[in-house]
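Kindly produce the complete structure, drawing on both the sequences and the hints.
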Amino acid sequence: MQKFVKSAALAFLGTMLFQSAEASSLEKNNGIYVMPKDSLSLEKALPFDNEVKTGTLPNGFQYFIRKNVEPKNRVTMYLAFKVGSILETESQLGLAHFLEHMNFNGLKHFPKNELVNYLQRAGVRFGGDLNAYTGFDQTVYQLPIASDDPELLKNGLQVMRDWAQDALLTSEEIDKERGVILEEMRGGRGAHQRMRDQYFPMVFNGSRYANRLPIGTEPIVSNFPYEELRKFHRDWYRPDLQSLIVVGDIDEAYIEKEIKRLFSDMRTTPNAPKREVYKVDLLNKNQFMVVTDPEMTATVAQIMIKHPEMKAKTIGDYRQLLMRSVYGQMLNARLGELLQSANTPFLRAHVSISGFLGGLDMYGATVMAKPNELEKGFKSLVRELERIKKHGFTKTEFDRVITSIQKSNETSYTERDKKTSGEYVDRYLNYYLEGQPAMSNEDSYQLTKKLLPTLTLKEVEDLGRKYYADINRDILIMAPEKDKNSLPNESQVNKWISEVESEAIAAYEDKVSDLPLLSKQPQKGSIVSSKELAEVKAKELTLSNGVKVVLKPTTFKNDQILISSYSPGGISLYGDNDYFSASYASSLVNTSGLGQLNSVELTKYMTGKNVSVSAYIGELNEGISGQSDKEGLKTAFELIYAFFTEPRIDEDVFQSIIARSISSMANQENDPNFVFQRDMLKRLYNGSIRRTPITEANLKKVDKNRALSIFKDRFADASDFTFVITGSFTEEEIKPYLEDYLAALPNLKRNEKGKDLGLYEPKKGFKHTTKKGKEEKVSVILSYIGDYKYNDMENINMQALESVLTLRLLERLREEEGGVYGTGANVSYSKFPKNRYSVEIAFGTAVDKYQSLIKSAFEEIEKIKKNGPTQEDLDKFKIEQERQMELIVKENSFWSRYILDGYQLQKPLREPNKYLEDLKKVTSKSVQKVANKYLKENSLFEFILLPDNVK
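Going left to right, the sequence shown walks through residues 58 to 1008 as the numbering used here numbers them.
Hints may be right or wrong, so weigh each one.
List time: in silico DSBU-like cross-link candidates among lysine-lysine, alpha-carbon distance up to 35 Å [to be verified]:
no., residue 1, residue 2
1, K427, K552
2, K577, K609
3, K594, K427
4, K806, K596
5, K124, K552
6, K891, K922
7, K475, K691
8, K990, K935
9, K539, K464
Have a look at the derived ranges for each label pair, beta carbon to beta carbon [claimed, not checked]:
no., residue 1, residue 2, range
10, L944, Q549, 29 to 37 Å
11, K476, K978, 32 to 40 Å
12, K476, E968, 25 to 33 Å
Honestly, the hints are just simulated from the structure, not real lab data. Positions of the beta carbon are idealized from the N, C-alpha and C atoms, including for glycine.
Shown next, in the form of structure tokens:
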């Protein structure tokens, strides 16, 4: 997989760069300096995590080992290389990424495809667990596996050793993989790739990065000599450029011993090339570019101001990173407020100060304009930047953000012993590759806690003014090609900026309400009955107003409480005339204020609260979902009560959402994938307005008052609601909130259920082809759809069919034929309003291959129908399910869904382990049976997306 690591030119969400440093005044731990307690000298180096074992072998190979029992009996291993596409010669473009692929196609101890086969037999999911990526400056391999199997753990470390230096790189496997990577390259082609190829030289200041995209070039990937790849491997896959990170439920001493045994003999190639560190030089000038494409769906303007990289070596540097965060949060909050205005000036806007690459940081500001309103949107963004430059921020804005960061810091610290191994792996990975700080949980918490009160508003404002400079600034405009003649040139954009700078811009007024959320306090109800749900170790309570509440206390997190609910009914109860108002009702209410607070006031009211609650209205039901910590429980239940009793749709929010939704549709017909999906839905559902993308004309039918009326109707009666609450609480702690809020909800004693609208696919399948797009690529979707027999055993056999069919398709279409990058089957089934199923197979490929690949896919289906899956493929499915079940039963989100689904689907609640008992009953014959039952030719719907030029 190729990956643009830290490419802020694509999105201004780059990771902040850090760099640790040594200082003679600090104490050593495992050879790395650690900050003495209570030290806040800004010149001192940032402390290193003293809970991780580190070491460097004589050959330069580094390792990080940490014991962590979340999740239990699991270990996550990452092998990191300071090697990426930036090191390629002109004859090697794409070979760093190609080599990453080859490490899955033949290793010393796992020849050919045996690596993937072996790990799948151990329950490891290829792609989901077992994976890798290549960036400009790094390549990373990842392997999360079970640690309670000594043989598997030993072999997992052997995989890492083989990845490090023992790829076989046979000519046969190299040739087979060429097609796969060409299809990955083909799949990435489109408007954004074509425009990126034009603007990268500007964004990267003409540096080496501009022509070292990890995916490479088609001529070289297709034709490079085998020896060229082997040379790249010899030159760069060496111990002094590698590090192994192992975090999990392990014996650290054993892991360290094994690392020394396995990796100490790794060779360093004589006269190996020096690992150069490439830079992006500042040009000390401004740059400008406009790029267009016929398939671009929006007009986007980006301001990129480059600065020398600030490496966070010291406590003072870390303090500056906190100031960057404060600045960004305050500024983006203002931009968010603009989106709530009736005449919102743009569709989206965002600003950040973050790491870029090549030794640079970047101040990035991006705006997505409304159609034909680029000047208005661009000026609105610049106006906010100038408003801050001239007037700064208010003290109340500053205080809110400090409070928010403090709360986030406290929450992270509270959950420190529940952090997953993946979080720690990322910490050490970024330390090794990027020089980001890897502080212990304690140091990170204490340092942030101590530094936040020292930040001043003036410092943050000055920081923003420093980075919002008028030199080393790139302005990039991307737009649909049809708008090309109306787009500005550089002098026009500079004039826009000058005009805004000369405006008499008023200072921002921070409007904060003193009103409480609720206009009146609820009338307390009571709990009238309870019963134990022994199968799921939960309790069902019935409240005085008929509301059912299921309580499932857990210890999976230290302070996390999830709330979910449902009630039958939904949008299906309203006619087509009300459909658009009904379908927008919940999003309009969620985006508006609540109770006595408008949307802006509510956002500020929620500052420092680890609480989120939202309402939904689906086709067949409606409900509330949310999460909170213990401190925020009162607020969470106030919000729930307000959704039922005091919902609102603010006029400005309504106008903003409708206007932005209409604007976002203006160019959607440019996107081949949109046209493809629209055509499929139209054919499948005979053009029903409830199943096809909404149009501008239909959006204009959304009536604010009717939408609010429908929302109120859906939440007018709580008596048929079921709430499920899971997480870190006791029954005694939660009961007062149930009585004060949930038991006080309105009760009309209605008896409702969702309506069957008869919106089903045709009984007989058909073929349909859409022609749209410039690129020589094809998208194929094969869907089997029809009536279904819904029960637990049928469902699990269908899941098995999905798994084994995916394995077969990957083996045939990708590994054997090299015709696709990714493919697979996706099974879905439903119980209400009618038992239905679909089995979908999807892949992308070349124009000259799609027909033969469809034929190959059908052949694999027929093999399963005729003979059933192989026992090996079936065993892979079973062990993966068992291993995944071990993990998910320790998550609050699983129990929330599992229990609510039981009520919603009217199924008896069973112990999750019953699923494992059913799993044992799945056989090759039972999977063969469902394959023959549901993969019928007359149930097949075949959809093909071809480029425009295919006749």
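These are the hints, each one checked on the structure:
{"no.": "1", "hint": "K427 / K552", "result": "holds, 20 Å"}
{"no.": "2", "hint": "K577 / K609", "result": "holds, 30 Å"}
{"no.": "3", "hint": "K594 / K427", "result": "violated, 52 Å"}
{"no.": "4", "hint": "K806 / K596", "result": "holds, 23 Å"}
{"no.": "5", "hint": "K124 / K552", "result": "violated, 59 Å"}
{"no.": "6", "hint": "K891 / K922", "result": "holds, 26 Å"}
{"no.": "7", "hint": "K475 / K691", "result": "holds, 25 Å"}
{"no.": "8", "hint": "K990 / K935", "result": "holds, 22 Å"}
{"no.": "9", "hint": "K539 / K464", "result": "violated, 48 Å"}
{"no.": "10", "hint": "L944 / Q549: 29 to 37 Å", "result": "violated, 56 Å"}
{"no.": "11", "hint": "K476 / K978: 32 to 40 Å", "result": "holds, 37 Å"}
{"no.": "12", "hint": "K476 / E968: 25 to 33 Å", "result": "holds, 28 Å"}
In this structure, the earlier hints numbered 3, 5, 9, 10 are contradicted, and the remaining ones agree with it.
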